[in-house]
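*Asks:* For reference, the chains in residue letters:
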Amino acid sequence: MNEVIDTPHKEHAHHELRVKNLHVHYGKVCALENVDLQFHCGQSVAVLGRNGTGKSSLLKAIAGLLQTATGTITWSGDDLKKHCHEVGYLPQREDVDWQFPITVRGLAEMGRFVHTGWFGKFGKADHASVDRALEVLGLQDLQQRQIAELSGGQQQRAFLARALAQEAHILLLDEPFSGLDLPSQEAFAEQLRELASTGHLVIASHHDLKTVADIFNHAVLLNRTVVADGLPSHVLTHIPSNSL
Amino acid sequence: MMPEFLTFTFNQKAILAGAMIGFANGYLSGYIVLRRTALMVGSLSHALLPGIAVGILIAGLSTLSAFLGALFAALLVGLGAVLVSRTSRIDGNTALAILYTSAFSGGLLLLDRMPQRVDLEDWLFGNILGLSDSDLWAAFWISALVLTVLTLCQRPLLLTMFESAVAASQGVPVRGLNYLLMGLIILSLVTSLQAVGYILSLGLLVAPAATIYQFANSPRVLFWGGGFLGSFTAVAAIFVSNWLDIRTGATIVLLLGGQFLLAYIFSPKYGLLAGWRSHLARH
Numbered sequence: 001m002n003e004v005i006d007t008p009h010k011e012h013a014h015h016e017l018r019v020k021n022l023h024v025h026y027g028k029v030c031a032l033e034n035v036d037l038q039f040h041c042g043q044s045v046a047v048l049g050r051n052g053t054g055k056s057s058l059l060k061a062i063a064g065l066l067q068t069a070t071g072t073i074t075w076s077g078d079d080l081k082k083h084c085h086e087v088g089y090l091p092q093r094e095d096v097d098w099q100f101p102i103t104v105r106g107l108a109e110m111g112r113f114v115h116t117g118w119f120g121k122f123g124k125a126d127h128a129s130v131d132r133a134l135e136v137l138g139l140q141d142l143q144q145r146q147i148a149e150l151s152g153g154q155q156q157r158a159f160l161a162r163a164l165a166q167e168a169h170i171l172l173l174d175e176p177f178s179g180l181d182l183p184s185q186e187a188f189a190e191q192l193r194e195l196a197s198t199g200h201l202v203i204a205s206h207h208d209l210k211t212v213a214d215i216f217n218h219a220v221l222l223n224r225t226v227v228a229d230g231l232p233s234h235v236l237t238h239i240p241s242n243s244l
Numbered sequence: 001m002m003p004e005f006l007t008f009t010f011n012q013k014a015i016l017a018g019a020m021i022g023f024a025n026g027y028l029s030g031y032i033v034l035r036r037t038a039l040m041v042g043s044l045s046h047a048l049l050p051g052i053a054v055g056i057l058i059a060g061l062s063t064l065s066a067f068l069g070a071l072f073a074a075l076l077v078g079l080g081a082v083l084v085s086r087t088s089r090i091d092g093n094t095a096l097a098i099l100y101t102s103a104f105s106g107g108l109l110l111l112d113r114m115p116q117r118v119d120l121e122d123w124l125f126g127n128i129l130g131l132s133d134s135d136l137w138a139a140f141w142i143s144a145l146v147l148t149v150l151t152l153c154q155r156p157l158l159l160t161m162f163e164s165a166v167a168a169s170q171g172v173p174v175r176g177l178n179y180l181l182m183g184l185i186i187l188s189l190v191t192s193l194q195a196v197g198y199i200l201s202l203g204l205l206v207a208p209a210a211t212i213y214q215f216a217n218s219p220r221v222l223f224w225g226g227g228f229l230g231s232f233t234a235v236a237a238i239f240v241s242n243w244l245d246i247r248t249g250a251t252i253v254l255l256l257g258g259q260f261l262l263a264y265i266f267s268p269k270y271g272l273l274a275g276w277r278s279h280l281a282r283h
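Sequence lines, in order, name chains A and B. Quick note on numbering: the first sequence equals residues 1 to 244 in our numbering. Quick note on numbering: the second sequence equals residues 1 to 283 in our numbering.
FYI, nobody ran anything at the bench for these hints, they're computed from the structure. Given the structure is predicted, the values throughout are model-derived calculations rather than measurements. There could be a bad hint or two in this list.
Unchecked claim - Here are a few chain B residues that sit away from chain A, every Cβ distance over 10 Å (derived from the structure):
1) L6
2) L83
3) G106
4) G130
5) C153
6) R155
7) F162
8) S169
9) N217
10) P219
To be verified - Calculated lysine to any residue pairs in the SDA-like style (CA-CA distance at most 25 Å, straight line):
11) K81/A to L147/B
12) K81/A to T148/B
13) K82/A to C153/B
14) K82/A to W98/A
15) K121/A to D91/B
16) K121/A to S88/B
17) K121/A to E121/B
18) K124/A to S88/B
19) K81/A to R50/A
20) K121/A to L147/B
21) K121/A to G258/B
22) K124/A to A165/B
23) K28/A to D91/B
24) K124/A to D91/B
Every residue gets a Cβ at the ideal spot worked out from N, C-alpha and C, and that includes glycine.
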């Protein structure tokens with residue numbers, strides 16, 4: 001059911017993320033079952049569904065954060081775990097220790113650790129990559145700010161900067177728009193559209209059905225398994241109109 | 001001209017030990033503050049007493065026997081608390097409190113059976129003015145080991161402390177690093193025990209970074225700042241206690257507590273007064 005979306009950066013389009021027969025259990029509770037999905041670079045995907053339908057579990061499973069996930073997740077045919085540097089994950093706000101003594105730049109620098117390893121030198125290329133990420137997200141002037149001293153939108157951009165400094169192609173965002181005021185939501189939506197247009201695969205859980213088609217070019221509706229998958233206009237037809 | 005008290009060898013040794021132990025524990029305090037495990041370390045430090053006593057009773061007085069005994073006791077109490085919380089209605093903190101107080105009491109009874117007499121006060125506040133050369137060397141090597149391992153593992157430890165699940169997904173051995181950190185904390189506690197006692201080891205393992213935390217927005221500043229503050233305070237307290245003729249161990253703890261209080265109130269960014277000022281400015 002996947003419609004192919006044309007993107008300006010076709011050279012990335014061959015990078016394909018495939019989720020096959022994914023199951024996630026928390027003890028006896030089943031969060032996801034029989035999930036099969038296929039995405040490629042250049043797509044920005046909204047993961048939709050009510051609370052408890054497995055949106056966060058899907059993102060965490062792709063990010064490799066769940067020990068209990070079974071099934072296969074491949075990136076261009078290879079096990080995604082071998083390409084962990086390709087995955088950038090933005091956690092839900094309440095999962096972050098905002099008082100951690102780290103600046104925006106320090107956070108972006110963390111993204112380079114998958115490349116430098118434990119002992120490697122943090123060299124010119126690493127600093128350049130961090131500079132680039134901060135510039136793309138317009139955070140140069142805020143780079144010495146501690147992460148709690150930012151607005152909600154700036155905080156989301158700071159975590160995106162970490163993913164970009166990491167040179168991740170797959171950006172997984174858990175409810176990135178929750179808690180943002182309207183101007184910040186619009187600015188962040190523009191950022192996500194730009195990232196998809198430059199060849200990233202953006203996958204975000206989302207609850208505001210009115211903005212899905214405006215922000216994303218693909219959507220998945222979950223209810224423990226995939227109910228619908230395709231263009232936002234197609235997927236939204238599977239949702240009762242009183243939910244819109 | 002050198003003050004008279006510095007001409008005594010035991011004072012010179014005390015300054016050297018205070019500087020080394022203060023630095024290593026102060027550096028480590030950054031990790032404890034960031035992991036928010038100060039209370040757990042406090043509980044475990046009490047649980048070490050029976051382990052050290054048994055270690056010394058079985059294998060004689062040495063840093064190694066004390067460390068192994070301490071490690072065993074800490075594991076027993078730590079894992080015991082996890083076991084009780086998983087198999088009953090009691091939560092982990094309650095279980096830990098019961099186990100460590102029981103362990104400490106057991107340790108007190110064991111003290112009476114030690115080959116040489118050890119007073120409880122020595123366990124609580126140590127005797128920094130009665131250190132031997134071998135105590136100094138043990139403090140030196142263990143401080144060097146703790147600093148080297150922490151510096152080498154700084155990146156994965158940072159990732160683990162900030163977002164352990166993300167760190168694990170990037171191949172960082174999160175569980176192994178947590179055990180390593182706990183091992184280093186126990187090692188530091190054991191080393192500093194004789195010199196400065198339980199209460200002070202614990203004070204040095206928490207207070208320096210907690211004070212720096214009121215100013216710093218970088219983990220490196222927190223670690224190194226904690227190390228320098230711990231070292232400086234320990235040495236300053238030896239001078240102050242000599243000058244005022246008061247107990248050295250207690251003076252170190254009080255100075256650390258005083259510094260924290262000042263930082264808590266007057267830190268220009270995160271202090272109590274700064275908070276009130278910005279609150280008043282908004283309303």
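*Asks:* Does each hint fit the structure? Answer for all of them.
*Replies:* Do the hints match the structure? See the list:
With a minimum CB-CB distance of about 37 Å to chain A, L6/B clears the 10 Å threshold, and the non-interface call stands. The claim that L83/B lies off the interface holds: its Cβ sits roughly 19 Å from the closest Cβ of chain A, which is beyond the 10 Å cut-off. For G106/B, the shortest C-beta to C-beta distance to chain A comes to about 36 Å, beyond the 10 Å cut-off, and the non-interface label holds. Here G130/B stays apart from chain A, with its beta-carbon at least about 38 Å from theirs, past the 10 Å limit.
For C153/B, the condition that its CB be more than 10 Å from all CB atoms of chain A is violated, with the nearest at approximately 7 Å. The non-interface label for R155/B is inconsistent with chain A: the shortest C-beta to C-beta separation is roughly 5 Å, within 10 Å. Against the 10 Å criterion, F162/B falls within the reach of chain A, whose nearest CB is about 6 Å from its own CB. Not every CB of chain A is more than 10 Å from the CB of S169/B (nearest about 4 Å), against its label as outside the interface.
A Cβ of chain A approaches the Cβ of N217/B within 10 Å, the least distance being about 4 Å, so the stated non-interface status is violated. A Cβ of chain A approaches the Cβ of P219/B within 10 Å, the least distance being about 6 Å, so the stated non-interface status is violated. For the suggested pair K81/A and L147/B, the alpha carbons sit about 32 Å apart, so the restraint of at most 25 Å is broken. With a C-alpha separation of about 31 Å, the suggested pair K81/A and T148/B falls outside the 25 Å cut-off, and the hint is violated.
Distance restraint check for K82/A and C153/B: the Cα-Cα separation of roughly 22 Å lies within the 25 Å cut-off, and the hinted pair is therefore satisfied. About 30 Å separates the Cα atoms of K82/A and W98/A, which puts this hinted pair outside 25 Å; it is violated. At roughly 44 Å between alpha-carbon atoms, K121/A and D91/B are farther apart than 25 Å, so this suggested pair is violated. A distance of roughly 49 Å separates the Cα atoms of K121/A and S88/B; the hinted pair therefore is violated under the 25 Å criterion.
For the proposed pair K121/A and E121/B, the alpha carbon gap of about 47 Å is over 25 Å, so the pair is violated. As the CA atoms of K124/A and S88/B are separated by approximately 54 Å, the hinted pair breaks the 25 Å bound. At most 25 Å may separate the alpha-carbon atoms for a hinted pair to count; K81/A and R50/A exceed this at roughly 29 Å. For the suggested pair K121/A and L147/B, the alpha carbons sit about 19 Å apart, so the restraint of at most 25 Å is met.
Between K121/A and G258/B, the direct Cα distance comes to roughly 39 Å. Violation of the 25 Å bound is thereby established for this hinted pair. At most 25 Å may separate the alpha-carbon atoms for a hinted pair to count; K124/A and A165/B exceed this at roughly 29 Å. For the proposed pair K28/A and D91/B, the alpha carbon gap of about 22 Å is at most 25 Å, so the pair holds. With a C-alpha separation of about 49 Å, the suggested pairing of K124/A with D91/B is violated against the 25 Å cut-off.
Of the hints listed earlier, those the structure fails to meet are numbers 5, 6, 7, 8, 9, 10, 11, 12, 14, 15, 16, 17, 18, 19, 21, 22 and 24, in rising order.
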